[in-house]
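Participant: This is what each chain is made of:
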Amino acid sequence: MSENQFFVDSDRLSDAALERKHLIENDPSARTNHMEYMEGMERISSDILDKVLSAVGEYDYENYTANDVKRALATDTCNIEDFKALLSPAAIPFLEEMAQRAKIETSRHFGNTVYIFTPLYIANYCENYCIYCGFNCYNDINRKKLNAEEIEHEMKIIAGSGIEEILMLTGESHSMSDIEYIGEACKLARKYFRNVGLEIYPVNSDDYKYLHECGADYVTVFQETYDADKYETLHLMGHKRVFPYRFEAQERAIIGGMRGVGLSALLGLSDFRKDAFATAMHAYYLQRKYPHVEYSLSCPRLRPIINNDRINPLDVHEKQLCQVLCAYRIFLPYIGITVSSREEKHFRDGIVKIAATKVSAGVSTGIGDHESKYEGKENIDAGDEQFDIADARSFDEMYGDMSAEGLQPVLNDYVYV
Amino acid sequence: MVHINGEDIAVAGKTLQAYLEESDYPLEGIAVEYNEEIIPKNKYSETVLKDGDVVEIVSFVGGGQQEGEKDTFKIGDREFDSRFILGSGKYSMELIKAAVENAGAQIITLAVRRTNTKKNENILDYIPEGVTLLPNTSGARDAKEAVRIARMSRELGCGDFVKIEIMKDSKYLLPDNVETVKATEMLANEGFVVLPYMYPDLYSARDLVNAGAAAVMPLASPIGSNKGLATKEFIQILIDEIDLPVIVDAGIGKPSQACEAMEMGAAAIMANTAIATAGNIPVMAGAFKAAIEAGRNAYLAGLGRVLERGASASDPLTGFLRD
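Which chain is which? The protein sequence lines are A and B, in order. Residue 1 is where the first sequence starts when you use the numbering used here, and the numbers rise one by one after that. Residue 1001 is where the second sequence starts when you use the numbering used here, and the numbers rise one by one after that.
Since the hints were made in silico from the structure, they are not lab data. You may find that some hints are simply not true.
[What the hints assert, rightly or not] Simulated crosslink set (DSS-like; lysine-lysine; CA at most 30 angstroms straight-line): (1) Lys1182(B) / Lys1144(B); (2) Lys1074(B) / Lys51(A); (3) Lys289(A) / Lys1182(B); (4) Lys21(A) / Lys230(A); (5) Lys1070(B) / Lys70(A); (6) Lys289(A) / Lys51(A); (7) Lys1232(B) / Lys103(A); (8) Lys289(A) / Lys1232(B).
With the sequences and hints as input, model every part of the structure.
Facilitator: Have a look at this one:
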């Protein structure tokens, strides 16, 4: 299989910085131990990481046959073995049957509703070197952090468009986007939105508790890949390098009192079938340990970034993505599934009728540019985007399109308690 | 080289006896074929192995299964291969004998009762050795009483196993889940292996797991009613969600109902009335054994396709996919 070429040098880096960059790129011994917690990182008592990694270790998707897939589609409750069959290459010829079954499960648990939300990036400073990400600390982009006034300005514009649920994101910089800064942003968000979620760097449970008190109730953390060895080669520097601390973020968020958690792998980084399997097992074991929590899965595929337009999701084509989402739905029928603007209009319109329950609309992955994007105003002071989006529909367009597909758009059905 | 059970082994020159002993074969339980002829045991020491000999060493295994993949289930630190448990309630010597001999029961439930001064038949005298006693707390109306009864049963030499039964309703004899959770926690803390009888409620089952239960025992229908799996949907939820053995208790009236519960993934079946009130007790005990095994095997085999789900849409759902 071909690989993505992620490394990009900027001529604005000093010689010393370039030398450091090349060293950690090329010499694994120059990198820290990715399985070791850094100072200040909370360690919780949990066996979920071991359970998930051993389940993935035992999963050999080449062992499954068409008969296994047929049996999985015929049983009332899809067990782990059935799910393994549905994720295997043997299931690709049964994609339509999987979609039919997934549709039944989705409508059984969610009716014909589809939730609409939007992300709001408030800062893009980052201390990590994750080689596929547009925000990585070595990528030469315009950096920006919104102040409280600017955040409120963005929120007013977004809320004015009709959106009621917001997902706030930052780059992973503890110094530029500290917990108090994010907490203040949550308090502002509570003024303008009914439902506030966060996608920020993983923190300790007491920080999650504080953010919950500030108004956030949902936390999403993507593990990116569950293959720890591969993870090590993709996250070369920064807090994000620590694999187990990131893995346990959802549990700490739950301990901190959050109502819901989201998780995902970034498909295209590693063996997508194993990563999809691990993601679902992660959710499965969390659900068994914390049955009161709401869970959601995402399914992002790699996208081009500023300064590297060749990044692509390799062997994860739309068909494979559709297979993964149908398998998620059949195995975990109660779980929320979000499909972001990384996917094109035709895919999102199709998948919401099968398995997805939530889509984003009116999306910008840049910083402070909603006015220019929503209202066409000139804005020269925006921060650059995390990745290129593939579906730029506004909230109104998305609402109209979802209604036209026969679905009932829902802006939120949530109460903060 | 000598060809032994498909492997070439350098043992030419040794006697068969010496080779078998070195290799730790149990001499009693095996048969040896030497160049296509059976060698009687008294000839092992006279038979000298030569290069090119072909030796097959065989023994019996149960039902074609290999050692190590025996289908057993565990409660506490004890392992059982029988998935039939004899419940208490209606006792007769014939019933106990049938449960053990015809149904293969390895666990038998008992109730603790006050002893009369008059010399009484002691049920323990009739229970064969090797059978695990599962005293229950029937008669208890709350957690405190259940704990007292459990302690008495341990004192009687019944071991650490206890089945909690707490009923506050003498008409239907339904278990009180709230009190049962309390009693489970207290007894688990005292080192008992606790099997709580319960109404199949997911939250209570989770509380029982957290309280330290070794299994959960949801009822299928009111005790003694022989009405079968009235709570089927809810028992299935427990089987799917609870990481402990789920033993279906109370209300199983026919072998077919026991079979159905086992197909669903239940770990074991407890029954009493269905067998005790049968026309022919030993034959019915055997019928339960066969039904439970059939259901268990069906579960392990994975049920086949039963029906096509949903109608096919005229427009395929996946027609939008590109690349």
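Participant: With reference to the structure, classify each hint as holding or not holding.
Facilitator: To see whether the hints hold, each was checked on the structure:
no.	hint	result
1	Lys1182(B) / Lys1144(B)	holds (9 angstroms)
2	Lys1074(B) / Lys51(A)	holds (20 angstroms)
3	Lys289(A) / Lys1182(B)	holds (21 angstroms)
4	Lys21(A) / Lys230(A)	holds (18 angstroms)
5	Lys1070(B) / Lys70(A)	holds (28 angstroms)
6	Lys289(A) / Lys51(A)	holds (12 angstroms)
7	Lys1232(B) / Lys103(A)	holds (26 angstroms)
8	Lys289(A) / Lys1232(B)	holds (24 angstroms)
Every hint, counting from the list given before, is met by this structure.
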